[in-house]
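There are 2 protein chains.
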Amino acid sequence: MNIELLSIGDELLIGQTINTNAAWIGQEMSLIGARIVRTTVISDTTEAIQSSLDSIDSNTDCIIITGGLGPTKDDITKHTLCSYFNTRLEVHLPTLKKIEDYFFKRNRPMLEANIQQAELPLNCEILNNNYGTAAGMWFEEKGKIFISLPGVPYEMKGIMLEEVIPRLKEKFSLKSIYHKTALTQGIGESFLAEIIYNWENSIRSNNLGLAYLPSPGLVKLRITSYRGEEDKKIIDAYFDELKNLIPEALYGFENESLTQVIGEMLRTRKMTIGTVESCTSGLLASQICSISGASDYFMGSLLTYSNSLKISLADVSPETLEKFGAVSEEVVKEMAIGGRKKLGVDCCISTSGIAGPNGGSIEKPVGLVWIAIALPTKTIVKKFQFGDNRERTVQMTVSSALNYLRYELETT
Amino acid sequence: MNIELLSIGDELLIGQTINTNAAWIGQEMSLIGARIVRTTVISDTTEAIQSSLDSIDSNTDCIIITGGLGPTKDDITKHTLCSYFNTRLEVHLPTLKKIEDYFFKRNRPMLEANIQQAELPLNCEILNNNYGTAAGMWFEEKGKIFISLPGVPYEMKGIMLEEVIPRLKEKFSLKSIYHKTALTQGIGESFLAEIIYNWENSIRSNNLGLAYLPSPGLVKLRITSYRGEEDKKIIDAYFDELKNLIPEALYGFENESLTQVIGEMLRTRKMTIGTVESCTSGLLASQICSISGASDYFMGSLLTYSNSLKISLADVSPETLEKFGAVSEEVVKEMAIGGRKKLGVDCCISTSGIAGPNGGSIEKPVGLVWIAIALPTKTIVKKFQFGDNRERTVQMTVSSALNYLRYELETT
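Sequence order for the protein chains is S and W. When the first sequence is numbered by the numbering used here, its final residue is 412 and no position is left out of the sequence of numbers. When the second sequence is numbered by the numbering used here, its final residue is 412 and no position is left out of the sequence of numbers.
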């Protein structure tokens, strides 16, 4: 089944509202095996709506329209649909009753504009809105299905889940799509593509889809089967193979975050954690604490931005600092070991780097970062080079440190 | 000037990525007085791109295409544009040189796919990408302007700001809109609207526009004049008036961040700063350090998530902790005073709160936060209640702490 979305609203075009409705509908439709082929965002004018309806692709089976059904004057979707389908509005008594109840319950006055919301096209099936006053509409016209929903996210979602999705499943007896997504950190998209070249070709030759979904420092790899659940085993086998190809990069599946993965590992191992941060200046700790329940394993941190605090708080020796400089293997190692002791934790991650844009030199260019992890039995250290964007370097340091710890805990 | 956006990517259609690019471009275009008339999101296939190019409205002056320019195989925008414009790809030497430099600086191997990124259509002007390897393209064909940009947000934004917007302004000699934006923190949109009711009416009666641009914890107020710079003085006078109406909330103008405002204040006062954080767990410090040059005034922090570290690191007395609990006026005050001493700074901010979703009680509900600031001459403390969303509470604590310090430094 091919679906087009039509999102109506000037607030979307000028960027005052981000179109999260389209993303949510896209996710829900993928899950039932329907395919969104196009999303169009337009202004709330009769002309724009009319012209979009006229340009629907002939292969489209269903059009989901959101927005333009509220009680204010710029809402004209309903009138435009009437003229498009050559029908007229009439008061729909059950809807009028619902709107009256809605205002009565909230003890608020009902306005003329609200009464008009009960006027609905004659040729449609009414979709119940249990979350507001604008009813949804289901038209079967011109060999296609047209669905019109309010733009307020929780009203739209309610009608979709309760009224639209069950009807679509029945109407199109949908075969289901099956997706699985692996999450990787630390290998850029192009380099990853070379490493997994043969693996990718094998996937495609099996009539499965592969998509690279990059975000700073992370690349998601999604395999899609249009044959549905029956390909689950073969896809799982591909991911097992991938895990062997890139064990240092692959940290999880689906919607897991690195922070969640590490949280689970620390919890099952009954280990506590802390950080000693210089270039990340607290972002690493705040990431670890971003999930509820982090106080089970996270104790605290020392943010030693100045050299004197590296000495007084993290027990870095003044001689090491003098001899190797703050951004060095030796100092970051002493930071992790000193922090582990001072914070009384099992595991301490330390970071020191040159975030830039200033402070670089030939031997220590902007983007150079050292990360150390002090564990009960050993301390490990790794060098990174992240380039010259300050914000990105800090983010990459955080995700690299978390993934470095994940790999270390997993393999020891 | 009428603009259409074309966002390419299956990840957008299936909702794995939310189309924040379209919202950002919409905002930027509004600022220069251009109008987004339609945004279309399509799949990364030749057919979909081709068909969208064919259905561009005749009144559209400019088409901005994002996505589909990365180095992996599912990126086909460039080839489709070549066939649409009846031209071919050729290696663009300056771009090749830039890509080589990019990999050389990062000490990473350059791959065949990256070299191919330097192959660009012959009929376009190349738009410099200072943030990645995919160049932007500017075509003037068929009486319209076509702009193709990578989909990675920070690369797209960089090229838009540095290359596209200046060219669009010149090309279309856009009638000058004059905007000025005031930045406020700590007052919700509806409450703010009540406080500034008369001020707002006076603005509107002067034929100026006022927009509320809310984001979590912050509300921007933008005054717009369609008469241009000539209204600068009258708009400045309105903002002077606003500063008197809401001195605790109004912290700056235009694109200043609270962090920048505070950085400047500390630098001119030659003061140093540090933090002792519990519920914000490093996010406050990382915000202060997010701007280059922060090492001039930021020394370091103690993240005392556990009670034992509040005692051992920040010198909070065990009796105070026992008697009042970690989230209390007394403890947060001792944290700030202890941290000021331990970190050797002029000014120390401390935070302690219940971020949730668990850990609340009737006396201390989820969302309760205490913030203290220890200064050379005094220590001040304030209580906040932020509701039950963990992430929002942490963010609100950070912005409230920064704004509290800003107001204190400004008024003493």
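No lab work stands behind these hints, which were simulated from the structure alone. From a predicted model like this one, the values you see are computed outputs, not experimental measurements. Watch out, some of these pointers could steer you wrong.
Chain copies aren't distinguished; within one or between two, either way the pair holds.
[Unchecked claim] SDA-like mimics (lysine to any residue), calculated; alpha carbons at most 25 angstroms apart, straight line:
no. : residue 1 : residue 2
1   : 232       : 17
2   : 342       : 320
3   : 270       : 197
4   : 78        : 215
5   : 144       : 360
6   : 383       : 329
7   : 97        : 363
Taking the hints in turn, this is what the structure says about them:
no. : hint        : verdict
1   : 232 <-> 17  : between (37 angstroms within a copy, 24 angstroms between copies)
2   : 342 <-> 320 : both (19 angstroms within a copy, 22 angstroms between copies)
3   : 270 <-> 197 : neither (39 angstroms within a copy, 56 angstroms between copies)
4   : 78 <-> 215  : between (36 angstroms within a copy, 21 angstroms between copies)
5   : 144 <-> 360 : neither (59 angstroms within a copy, 44 angstroms between copies)
6   : 383 <-> 329 : within (8 angstroms within a copy, 43 angstroms between copies)
7   : 97 <-> 363  : between (64 angstroms within a copy, 23 angstroms between copies)
Checked against the numbered hints above, the structure breaks hints 3, 5 and satisfies the rest.
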